[in-house]
Amino acid sequence: MSKKLSLLLAVVLLASMALTACQPAASGDTKPDCSKAETFCVGLVTDVGKIDDKSFNQSTWEGVKQAEKDLGAVVQYIETTDSKDYDKNISTFAEAKYDVIVTVGFALGEATIAAAQKYPEVKFIGVDQFQGETIANLAGLNFPEDHAGFLVGALAAQMTKTGKLGAVLGTDAVPPVWRFGEGYRAGALYIKPDVEINVVYHNDVGFDKTFSDPEWGKTTAISMIDKGVDIVFGAGGKTGNGALLGAAEKGVYAIGVDTDQYFTVPEAQKVLLSSAMKLLTPGTFDLIKLAKDGKFPGGNYMGKAGYAPFHDVDSQVPAEVKAKMEEIAKALADGTLQTNVPPTKPQ
Amino acid sequence: MSEEQGPKKTRSFKLPPQLVNTGLVPLLAVLTSMVVGGLIIAAAGGNPFAAYAGLFEGAFGSLNALSETTVWASPYIFAGLAVAVGFKGGLFNIGAEGQLAFGAVAAAWIGYALPGMLGADIPAVLHVILAVGGGMLAGGIWAAIPGFLKAYTGGHEVINTIMMNYIALNLTSFLLNGPMKDPNPMNVVARTPLIVESAHLPPVFPEFRFHWGFILAIGMAVLVWWLLWKTTLGFEIRTTGANLDAARYAGVNVKRTIIVTMLFSGILAGMAGAIEVTALNYRHELGFAVGYGFDAIAIALLGKNHPAGVVLASLLFAAMRNGATRMQFLTQIPVDVISVIQALILLFVAADTVVRYIYRIRSRDERFSLTRGWGK
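From first to last, the protein sequence lines are chains C and S. When the letters of the first sequence are read in order and numbered with the numbering used here, they come out as residues 1 to 347. When the letters of the second sequence are read in order and numbered with the numbering used here, they come out as residues 1001 to 1376.
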């Protein structure tokens, strides 16, 4: 019997060999040569996470894919499985003479700076990496959080029935968080000057806790809702996600942050009105295009903000609100509408 | 079927049984896993030969690739030895993950804070020894606690080391988020400050990350072999592991041996963490060295709990983890395939009857149990 089994194994092995031999030439043979000037290659290195994470990695990769389609770029990604591989994964692309390397997330910041200095001929795009000093071949892709906050604030002000809005945020000591909160306030007041806004920052704890306190986020959201708030904006890592869960529990609208949280907090799908989004896909594409055109901007590059689709609650959003939102988004983008939120909290 | 009964000429070729158990079976397990993994790659539309070629190139294709493989192998060897020593003493140390984390935290603290506390610089050699030694001690004590509980209360080390993992990992999270957090105002990550230069364990060649920690790991493998097979203590550990009652009857202080085994196991695991800090990352951060303590269990099993086997298994696992990047870069086959193959290896090693059945290797009827039951 065991003889038959080993025979079977041998047959299967042979079959698999034959199978693969018949396949069209493996990608290894047709690998484009990125060292040629006419071949434009873009590589992406994820943080410790998957390329299809429905969040930062995926949205950025979609921007790279767009470069493949629109700019004829050769694109490739490497998924990082351990933080000690950041350097190696970035240099895998650099050694293969890729023209642009995109690194996703704050955690790769230091590795990206080191690589940009080591490979000055390669252009680096660091997503969500604020650059303290300007390096000519490294662009940090950052986003106007105040615009994103303004958009969802305006949306909330149009959708509220009680006239009371809530926001549950991480600490205002982190400028992007503060800009989300103030943008939200400004956007709501722009629509409805008499709206009541309850913006709460989790400032009562240390930096360690402020973004990782879903319990606090949830209870804070629920206590707001009990006082009449009917839309809650949650922004600040797990703390903000806790607020979304609180809104879901109470059955009032929730608004997420950063990426479309319909996919990252499925428990809140039923009540998720929208998310204050950093538009990673167009931001990444724009920078790649600038690199291709030889106009790559070193230092910090400001991407665009937006709001996520309404998904499950789409039918509850009136057409005039949708139209108004598009109008505001357009006005913010072309600069005719200002949020008047300063970059940092005034002392 | 009838041919099974008769004696066979092909069976005349015989390896020494010891070698069959410790060498041939793991080797065949790895081979079988690669074949099955290859089938999975082919089924998913990839080319397994291109994938394995990429894997090999990424692991051994250049000096830098070799260097990176040793970087991956170092913590695997230390942690694999830790688990293997436990198994030799009849103890299943699932707590290597937590012991490793504590080793890293202790080494990082000694690395960045001690000179400031003493108000003086520490000479480089001494500082490295202090940092690594501190990590070893932290891991050792953390493992000795479940050892003590096993020896004196009968509390099962499997349960207790798992529980100690939770305590260690959450405590590490607290320390890195709180008292030990890098105070740099730009920092929002849970990590310690960088350790000072004098606590660095340097790379062997300045242009590669290949560091002395790897050489130290090989040295520890030799030391573990010597200790287990050439000393009285090693004999006591092995006897206690093989048969508790026999050991007790032979006059071995079983309680002491259990605690010493766990202490020694934890020291090795703590060393894995300390070397990652002093030789590679120069700090500890939440998310560094995650899962090595669990990979170490697979490595110890594949290495049949022999130091040489652990070194080979570590190199294999390191080559796979290191080569995965190149494989994905060249073929776009997801790196997850590596996890699948590693899981298959573990499956075939743990259930080696399957391997013996496929390749018609006769069992020597020698049973290896991962752990013993409850009680004293």
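Simulated from the structure, these hints should not be mistaken for laboratory data. It cannot be assumed that every hint is accurate.
[To be verified] Below 20 Å or equal to it, Euclidean Cα-Cα: the simulated DMTMM-like pairs (lysine to aspartate or glutamate) are:
1. C:K192 / C:E326
2. C:K84 / S:E1285
3. C:K118 / S:D1336
4. C:K69 / C:E38
5. C:K161 / C:E249
6. C:K84 / S:D1182
7. C:K164 / C:D230
8. C:K97 / S:E1057
9. S:K1181 / C:D204
10. S:K1181 / C:E110
11. C:K54 / C:E249
12. C:K322 / C:D260
13. C:K118 / C:D70
14. C:K84 / S:D1336
15. C:K84 / S:D1352
16. C:K209 / S:E1207
17. C:K209 / S:D1336
18. C:K54 / S:D1336
19. C:K250 / C:D312
20. C:K65 / C:D293
21. C:K50 / S:D1336
22. C:K69 / C:D312
[To be verified] A few chain C residues that face chain S, going by a derived Cβ cut-off under 10 Å, partial list only:
23. F56
24. Y77
25. Y301
26. K304
[Said to hold, decoys possible] Pulled from the structure, derived: some chain C residues nowhere near chain S, Cβ distances all over 10 Å:
27. Q76
28. I78
29. D82
Virtual Cβ for every residue (Gly too), placed ideally from N, Cα, C.
Unsatisfied constraints (hint numbers, rising): Violated hints (numbers, rising): 3, 11, 13, 15, 16, 17, 22, 23, 25, 26, 27, 28, 29; every other hint is consistent with the structure.
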